[in-house]
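Protein chains in written order, with the numbering used here: chain A, 1 to 337; chain B, 1 to 337; chain C, 1 to 337; chain D, 1 to 337.
Think of the hints as simulated: they come from the structure by calculation, not from any bench.
There's no promise every hint is true.
[Claimed, not checked] Here are the simulated PhoX-like cross-link-like pairs (lysine-lysine), alpha carbons at most 25 Å apart as the crow flies:
no.	chain 1	residue 1	chain 2	residue 2
1	D	K259	B	K77
2	C	K77	B	K317
3	C	K67	C	K77
4	D	K77	B	K67
5	C	K32	A	K70
6	B	K77	D	K6
7	C	K32	A	K77
8	A	K215	C	K6
9	B	K67	B	K77
10	A	K6	C	K176
11	A	K6	C	K259
12	B	K6	D	K6
13	D	K32	B	K77
14	B	K70	D	K77
15	C	K259	A	K32
16	D	K148	B	K32
17	C	K77	A	K32
18	D	K317	B	K32
19	B	K67	D	K259
20	C	K215	C	K148
21	A	K215	C	K215
These numbers were taken from a predicted model, which means no experiment stands behind them.
Listed below are the residues making up each chain.
Protein chains: 4
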Amino acid sequence: MIIVLKPNHQEEEMHRIVRRLEDLGLRAHISKGEHRTIIGAIGDERILREVPLESLPGVESVLPILKPYKLVSREFKPEDTVIRVNGQEIGGRKIQTIAGPCAVESREVLEEIADAVHPLGVHFLRGGAFKPRTSPYSFQGWGEKALKYLAAVRERTGMLVVTELMDPRDTVLVCKYADIIQIGTRNMQNFRLLTEVGNIEKPIILKRGMSATIKEFLMSAEYIVAQGNDRVILCERGIRTFDTETRNTLDISAVPLLKQLTHLPVIVDPSHAVGRADLVPSMAKASVAAGADGLLIEVHVRPEEALSDGPQSLRPKEFATLLEECGRIAEVVGREL
Amino acid sequence: MIIVLKPNHQEEEMHRIVRRLEDLGLRAHISKGEHRTIIGAIGDERILREVPLESLPGVESVLPILKPYKLVSREFKPEDTVIRVNGQEIGGRKIQTIAGPCAVESREVLEEIADAVHPLGVHFLRGGAFKPRTSPYSFQGWGEKALKYLAAVRERTGMLVVTELMDPRDTVLVCKYADIIQIGTRNMQNFRLLTEVGNIEKPIILKRGMSATIKEFLMSAEYIVAQGNDRVILCERGIRTFDTETRNTLDISAVPLLKQLTHLPVIVDPSHAVGRADLVPSMAKASVAAGADGLLIEVHVRPEEALSDGPQSLRPKEFATLLEECGRIAEVVGREL
Amino acid sequence: MIIVLKPNHQEEEMHRIVRRLEDLGLRAHISKGEHRTIIGAIGDERILREVPLESLPGVESVLPILKPYKLVSREFKPEDTVIRVNGQEIGGRKIQTIAGPCAVESREVLEEIADAVHPLGVHFLRGGAFKPRTSPYSFQGWGEKALKYLAAVRERTGMLVVTELMDPRDTVLVCKYADIIQIGTRNMQNFRLLTEVGNIEKPIILKRGMSATIKEFLMSAEYIVAQGNDRVILCERGIRTFDTETRNTLDISAVPLLKQLTHLPVIVDPSHAVGRADLVPSMAKASVAAGADGLLIEVHVRPEEALSDGPQSLRPKEFATLLEECGRIAEVVGREL
Amino acid sequence: MIIVLKPNHQEEEMHRIVRRLEDLGLRAHISKGEHRTIIGAIGDERILREVPLESLPGVESVLPILKPYKLVSREFKPEDTVIRVNGQEIGGRKIQTIAGPCAVESREVLEEIADAVHPLGVHFLRGGAFKPRTSPYSFQGWGEKALKYLAAVRERTGMLVVTELMDPRDTVLVCKYADIIQIGTRNMQNFRLLTEVGNIEKPIILKRGMSATIKEFLMSAEYIVAQGNDRVILCERGIRTFDTETRNTLDISAVPLLKQLTHLPVIVDPSHAVGRADLVPSMAKASVAAGADGLLIEVHVRPEEALSDGPQSLRPKEFATLLEECGRIAEVVGREL
């Protein structure tokens with residue numbers, strides 16, 4: 001931590017800051033420049049994040065040197081984390097695809113969709129049982145009934161189930177049926193929910209909050225890992241910007257940036273990012289080219305009848321083409337799909 | 001709902017859309033212009049929000065006409081909602097101030113702060129027992145112990161207690177001690193929590209999500225009111241923008257805009273908006289001038305020792321000056337403070 | 001400037017950086033911490049802004065300590081700059097109002113508007129002769145003819161003329177008629193135009209770019225002052241955010257923040273900020289409460305016939321009420337209007 | 001254009017609006033729904049963009065149906081525009097690469113860079129002679145001297161020259177040396193400059209403004225084309241968002257979206273988008289995968305000595321690898337590079 005003093009600070013103010021640092025077990029290193037005096041705090045600066053140094057008289061600004069996250073950082077663990085779940089791997093050489101409807105609507109439709117995507121080599125089926133909807137009047141998901149349908153598909157096909165957990169009170173229920181738990185964008189900073197899933201033994205897909213910085217995203221992953229669950233998969237799904245042509249703006253540079261900062265796998269959800277089926281294939285290809293470890297894609301047999309997010313769902317045929325092209329790009333970047 | 005057809009749509013596609021609308025109990029009104037044909041859906045368009053019309057062949061775009069919220073709208077209830085809580089009113093002529101520390105740190109400090117602000121005419125004491133913190137390593141609040149301290153201050157001074165609820169599992173506990181429940185910015189779209197507080201009999205302060213549009217903010221209020229709890233107070237607390245000089249950007253125009261769109265009271269939290277004590281007084285004055293029904297302000301006797309958000313806390317003396325000036329501005333706009 | 005080295009940097013890399021600093025006439029101050037080694041560059045760090053230190057091997061990040069602007073900073077000149085122009089002052093005790101139509105449409109309408117606002121104590125008349133319009137098919141202003149109309153009003157009433165300069169080739173022409181030159185939001189970083197107006201002897205109203213940070217805004221002012229023209233008036237006019245209910249989001253905290261960072265006067269344009277006449281009065285009041293030195297407000301006698309920005313123009317009667325209320329708030333904050 | 005009336009509008013207000021539309025040569029189509037009456041304006045709604053209908057009594061909102069741009073739209077010209085310049089094509093099957101330093105620093109360095117990239121199959125050399133710099137104290141480019149160096153390289157190697165025009169007064173000078181004129185991000189809405197380059201006979205690279213919507217971007221292209229110069233190349237170069245880890249956020253979905261809305265070629269500048277050399281290769285690959293018609297990439301032989309934007313410049317060896325991988329991705333998407 002670097003503490004920059006005001007140009008007109010008092011000598012006594014400086015000493016007070018030094019004493020404060022020493023009380024906290026840190027050493028202070030004073031450097032007087034021509035325009036500013038700065039104090040470097042030597043030791044683990046994470047202690048200082050709790051201390052409102054900016055409120056001390058004489059302080060102009062405080063600049064952190066270390067990153068606020070630790071367990072999820074590449075510095076802490078240089079090699080890639082590969083997450084193993086029921087015979088599949090996420091974060092390894094193979095780029096995994098998670099496909100399915102936004103919400104589970106009926107057993108029949110779910111089966112149809114699964115039967116369309118499974119033969120294409122997709123091992124993960126997504127489908128919402130509990131849906132976070134902006135309007136209280138919108139379809140909120142079928143709850144446990146939907147979870148049972150998902151589990152039935154798994155039994156029949158071997159596909160693994162990915163579904164969202166919205167409420168800590170549903171943890172036991174959702175864990176009973178899911179192979180991977182998804183934490184949605186609106187819950188990225190629902191810290192009690194993060195703590196909850198930090199204590200279970202399922203891999204977690206953590207979606208980036210729609211206005212979360214990369215640092216905040218990694219801090220939320222740190223919440224989960226700090227509890228003991230180190231099987232976290234980060235998912236870029238678009239951020240909120242001023243433009244309204246697409247639902248969100250896919251932050252494609254987040255992919256290589258996250259891969260640099262953390263050892264955790266990084267996947268992309270192009271469907272929610274753009275919110276329009278016609279742009280999903282190019283965004284999926286861009287994601288693979290940029291180094292994503294996986295794709296989360298909405299597929300529906302009849303998008304025009306979907307109860308949620310129909311306009312962004314691909315039909316199975318479009319999805320098959322997407323997979324084929326992504327597979328060839330995966331090869332170029334030294335992966336397979 | 002207006003459905004704009006593609007310039008090159010098929011006649012059959014148009015008929016199919018009309019049939020779809022009629023199946024949903026709406027009437028279709030076709031209007032052929034020089035450049036586009038549009039179909040107006042006549043009836044309650046809220047039904048259509050569930051229907052992915054954009055996925056139908058021939059559709060170029062879909063434009064909603066009605067606002068997606070209903071119960072919270074001025075159109076539904078033209079007169080202002082005045083919320084009464086233990087002898088005080090929010091949303092009436094008097095602009096209310098809610099003051100206190102970010103987090104309850106100790107009984108002594110809380111008492112000191114309360115004793116500093118209560119004589120200034122402040123009837124509401126804020127203080128966090130459960131704190132949503134970006135880092136898992138930060139102070140998370142003292143939980144029930146803090147709630148007890150708050151209740152003890154109420155007993156002694158008569159000040160009403162405002163505190164945050166983060167987890168639906170704590171609802172009974174927090175309600176036992178709080179007079180007003182706060183839903184924080186990160187939980188504005190925690191729909192399960194909204195549903196939960198829609199079923200209790202305490203007024204709710206709903207803070208705007210840091211990247212929530214005005215529409216989304218009102219939809220979250222609608223969630224609470226739709227459950228039966230119509231005592232919702234909206235709180236503008238700054239939005240996330242590209243600028244980094246302040247913690248957030250106070251969206252001051254949200255105040256008169258919300259007052260126009262909804263009958264609910266609107267208050268402002270300038271402390272979290274700017275995150276710097278030196279800018280809080282001018283933002284408080286601006287808020288009163290813009291028509292706010294209340295202020296939520298962080299006050300601490302020794303900000304440099306605060307366990308959370310010290311840099312944005314005012315000292316009691318600064319706070320007293322703020323109140324005095326805000327009181328005079330309140331008079332200009334036909335209110336009192 | 002603080003240079004943070006990578007945890008695994010080579011000793012030789014560190015020495016190379018030190019030599020680089022010394023070559024530039026700076027001294028290097030090395031501080032080895034537990035987690036990172038940092039090098040402080042002692043001397044005028046502004047030299048370093050040109051040097052891509054991040055590209056040197058071993059460097060993790062570079063943190064500036066000093067602000068990038070100098071002449072416009074409070075540190076350079078602690079007392080407020082008061083700009084005198086033809087008997088009026090901007091930046092003094094009196095809050096000035098600049099009113100008029102967005103574009104000058106006809107001599108008659110301009111005269112009508114001037115005659116409506118002048119008796120209210122308004123000394124500055126605004127009106128565009130050259131209009132920056134998003135569409136090439138929109139009305140682009142009447143050019144010199146409009147400037148002549150403005151000058152005619154000045155002759156008759158004594159009101160001073162504020163008008164926009166868009167093109168360096170029009171500088172002589174516009175200066176012939178204007179008392180104050182406005183640089184619009186889209187030209188805030190038109191550096192050639194800034195240099196141009198840095199060499200004239202008229203005060204400049206510099207509008208904040210719609211996505212300009214506070215630092216960039218001040219750097220653009222620095223461009224003008226560095227050329228020798230120190231009569232710059234900063235104008236906050238709303239920034240671009242994700243919300244679409246208002247045209248832009250008025251960044252009200254920019255007012256006290258700028259007043260702290262710079263000695264230049266700061267005015268607010270609430271009309272362009274919100275783009276809706278109904279919200280202008282509360283935003284004007286909030287601006288005065290927040291410490292603005294002036295207001296720039298669109299007034300039109302018949303907004304529904306305006307050739308540009310009608311929806312945000314106030315009618316003279318609404319404007320008179322606004323002035324009266326702002327005047328009373330000005331008193332509360334120790335000013336007059 | 002759809003005009004939505006307020007629920008409580010007067011009959012006379014409706015008639016007044018209808019008369020207004022008819023006066024403008026449009027037909028009005030009234031549709032009374034259960035909750036709102038709407039008026040459809042039939043005819044070329046572009047006339048209405050000039051008319052402040054929102055200011056008319058009784059109007060709640062105004063919804064445009066047609067896009068505001070015309071000449072640049074796919075609807076106007078369905079087939080791709082392929083721009084031919086001195087034997088090369090942009091917008092055809094071949095994805096073109098434009099490479100070179102941010103600023104031309106010296107003849108020697110420019111020659112070195114050209115000699116490094118030309119053998120890799122790059123036909124376009126970029127280099128700034130006039131540099132838009134945030135600080136007035138930064139290197140502003142060598143002007144005509146730099147243009148001469150660029151032309152000398154062209155003479156020797158046959159590479160075409162791409163350079164920025166910042167000031168309409170330099171048009172003749174820059175055209176004398178350049179093959180393609182670049183309009184920078186800060187000048188995307190410098191409408192006088194757009195008009196200027198609309199009247200020359202060189203292709204124009206128009207960079208997206210850093211907070212420009214897709215609509216505004218296309219409207220700026222329309223400015224150029226409306227003057228008669230239809231050889232416009234759109235360049236996505238990152239937009240401003242709340243995240244600060246990268247210089248800007250590359251809006252990758254703008255590529256397929258623009259290809260859908262306009263017939264003009266779309267290229268990407270990953271260097272300015274991210275501002276960090278280490279992320280440029282993955283962003284270049286993503287751009288090609290997403291359908292870009294070209295890449296604009298900063299290359300420097302010694303980035304650590306660059307006078308401008310060193311941290312984002314690739315070394316020739318890194319650039320060669322990038323080209324090789326992009327070429328293979330180009331094949332997957334049916335192109336070549």
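These are the hints, each one checked on the structure:
no.: 1; hint: D:K259 to B:K77; verdict: violated (46 Å)
no.: 2; hint: C:K77 to B:K317; verdict: violated (29 Å)
no.: 3; hint: C:K67 to C:K77; verdict: holds (14 Å)
no.: 4; hint: D:K77 to B:K67; verdict: violated (36 Å)
no.: 5; hint: C:K32 to A:K70; verdict: holds (20 Å)
no.: 6; hint: B:K77 to D:K6; verdict: holds (16 Å)
no.: 7; hint: C:K32 to A:K77; verdict: holds (23 Å)
no.: 8; hint: A:K215 to C:K6; verdict: holds (18 Å)
no.: 9; hint: B:K67 to B:K77; verdict: holds (14 Å)
no.: 10; hint: A:K6 to C:K176; verdict: violated (45 Å)
no.: 11; hint: A:K6 to C:K259; verdict: holds (17 Å)
no.: 12; hint: B:K6 to D:K6; verdict: violated (28 Å)
no.: 13; hint: D:K32 to B:K77; verdict: holds (23 Å)
no.: 14; hint: B:K70 to D:K77; verdict: violated (43 Å)
no.: 15; hint: C:K259 to A:K32; verdict: violated (28 Å)
no.: 16; hint: D:K148 to B:K32; verdict: violated (58 Å)
no.: 17; hint: C:K77 to A:K32; verdict: holds (23 Å)
no.: 18; hint: D:K317 to B:K32; verdict: violated (59 Å)
no.: 19; hint: B:K67 to D:K259; verdict: violated (32 Å)
no.: 20; hint: C:K215 to C:K148; verdict: violated (37 Å)
no.: 21; hint: A:K215 to C:K215; verdict: holds (22 Å)
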